[in-house]
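Peer 1: Sequence:
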Amino acid sequence: MSNTTATVVTGVSGRMGQMLVKVINASDKAHISGALERPGHAWIGMDLGEALGGAANGIIVQGDPRTALQGAQAVIDFTAPAATVALAPVAADMGVAHIIGTTGLAKADLAAIAEVAKTGVIVRAGNMSLGVNLLAALTRKVAEALDADYDIEIIESHHRHKVDAPSGTALMLGEAAAAGRGVSLDDAAVRARDGITGPREPGSIGFAVVRGGDIIGEHDVMFAADGERIILRHVASDRSVFARGAVKAAIWAQGRDFGEYDMAAVLGL
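Here the sequence shown is numbered in the working numbering, starting from 1 and rising by one per residue.
Treat the hints with care, as some may be off.
Just the calculated beta-carbon pair ranges, DEER-fashion [what the hints assert, rightly or not]: (1) Met94 with Arg15: 52 to 60 Å; (2) Gly182 with Ala56: 12 to 20 Å; (3) Asn25 with Glu115: 29 to 37 Å; (4) Leu138 with Arg191: 16 to 24 Å; (5) Gly53 with Gly227: 49 to 57 Å; (6) Gly203 with Arg66: 19 to 27 Å; (7) Gly182 with Lys107: 46 to 54 Å; (8) Gly212 with Arg256: 36 to 44 Å; (9) Gly53 with Thr119: 33 to 41 Å; (10) Gly213 with Phe258: 21 to 29 Å; (11) Ala106 with Ala225: 20 to 28 Å.
By construction, these hints were calculated from the structure, which means they are not laboratory data.
Values in this document were obtained by computation on a predicted structure and should not be read as measured data.
Beta carbons are placed, not taken as given, at the ideal position from N, Cα and C, and that holds for glycine.
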């Protein structure tokens with residue numbers, strides 16, 4: 001254990017939390033050192049292994065971040081914006097790398113995280129999978145290569161339980177497209193269309209959202225011009241791709257200088 005990264009999972013009872021536990025348990029480079037849940041959760045005080053329906057493993061689910069992070073080197077966080085922002089200064093103060101996969105972060109949340117990164121190590125990404133980060137790199141390159149005659153549309157699909165839209169991944173792809181075009185996504189984005197909207201604004205970057213069933217995550221970036229379309233696509237069929245990326249980030253973050261990093265840095269892109 002001493003040569004592997006001591007990792008805490010927060011929101012451990014959720015779908016991503018449980019997947020993270022499975023991936024970490026299967027890793028030879030990381031191990032579970034703690035588990036965290038929101039105050040009042042039924043799992044607090046329980047042995048994590050038993051809470052997950054298996055054998056006891058000696059890890060007690062905590063409701064207090066400082067208790068859970070004792071002795072940890074990294075904490076992986078796919079929770080909610082308010083919880084993530086609250087956890088960030090605690091992790092930095094304790095010298096624990098904070099791996100953030102939380103989506104739906106507002107500008108104020110991002111500013112708060114950036115401030116914490118001055119005294120801590122943070123890896124934050126709208127999507128932690130290798131494939132999606134390659135898609136983002138390709139999106140930027142294609143946007144650089146094509147002029148404004150090619151309209152950019154981002155179409156994303158997720159399960160019925162997802163609470164934020166567009167997805168963090170869709171926004172990450174939009175940022176990549178905007179960077180390739182040399183524009184601000186805030187200025188170019190069109191996030192909703194309804195009623196008589198008029199013709200498409202030249203140079204805009206459109207978003208379309210689908211929610212239904214158990215779709216894990218599907219993202220298309222379309223470059224559409226007269227006579228042709230280029231479509232870049234990523235489909236996630238297993239939530240473990242995000243967990244594996246997050247664990248890779250937790251391991252990579254060890255020994256890094258203070259700052260906020262993304263998955264492109266982790267993957268050497």
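Peer 1: For every hint, state whether the structure bears it out.
Peer 2: Cross-check of the supplied hints:
Between Met94 and Arg15, the C-beta spacing of about 27 Å breaks the proposed range 52 to 60 Å. Between Gly182 and Ala56 the beta carbon distance is about 56 Å. The supplied range of 12 to 20 Å is therefore violated. Range check, Asn25 to Glu115: about 34 Å between beta-carbon atoms, so the 29 to 37 Å window is met. The given range of 16 to 24 Å is respected by Leu138 and Arg191, whose C-beta atoms sit roughly 23 Å from each other.
Hint check: Gly53 to Gly227, Cβ distance near 56 Å, so the stated range 49 to 57 Å holds. For Gly203 and Arg66, the Cβ-Cβ distance of about 48 Å falls outside the hinted range of 19 to 27 Å, so the restraint is violated. Between Gly182 and Lys107 the C-beta distance comes to about 21 Å, which lies outside the given range of 46 to 54 Å. The hinted window of 36 to 44 Å between Gly212 and Arg256 holds, with their beta carbons roughly 39 Å apart.
Between Gly53 and Thr119, the C-beta spacing of about 39 Å keeps the proposed range 33 to 41 Å intact. For Gly213 paired with Phe258, a C-beta distance near 42 Å fails the hint of 21 to 29 Å. Between Ala106 and Ala225, the C-beta spacing of about 34 Å breaks the proposed range 20 to 28 Å.
Consistency with the previously given hints fails for numbers 1, 2, 6, 7, 10 and 11, ordered from lowest to highest.
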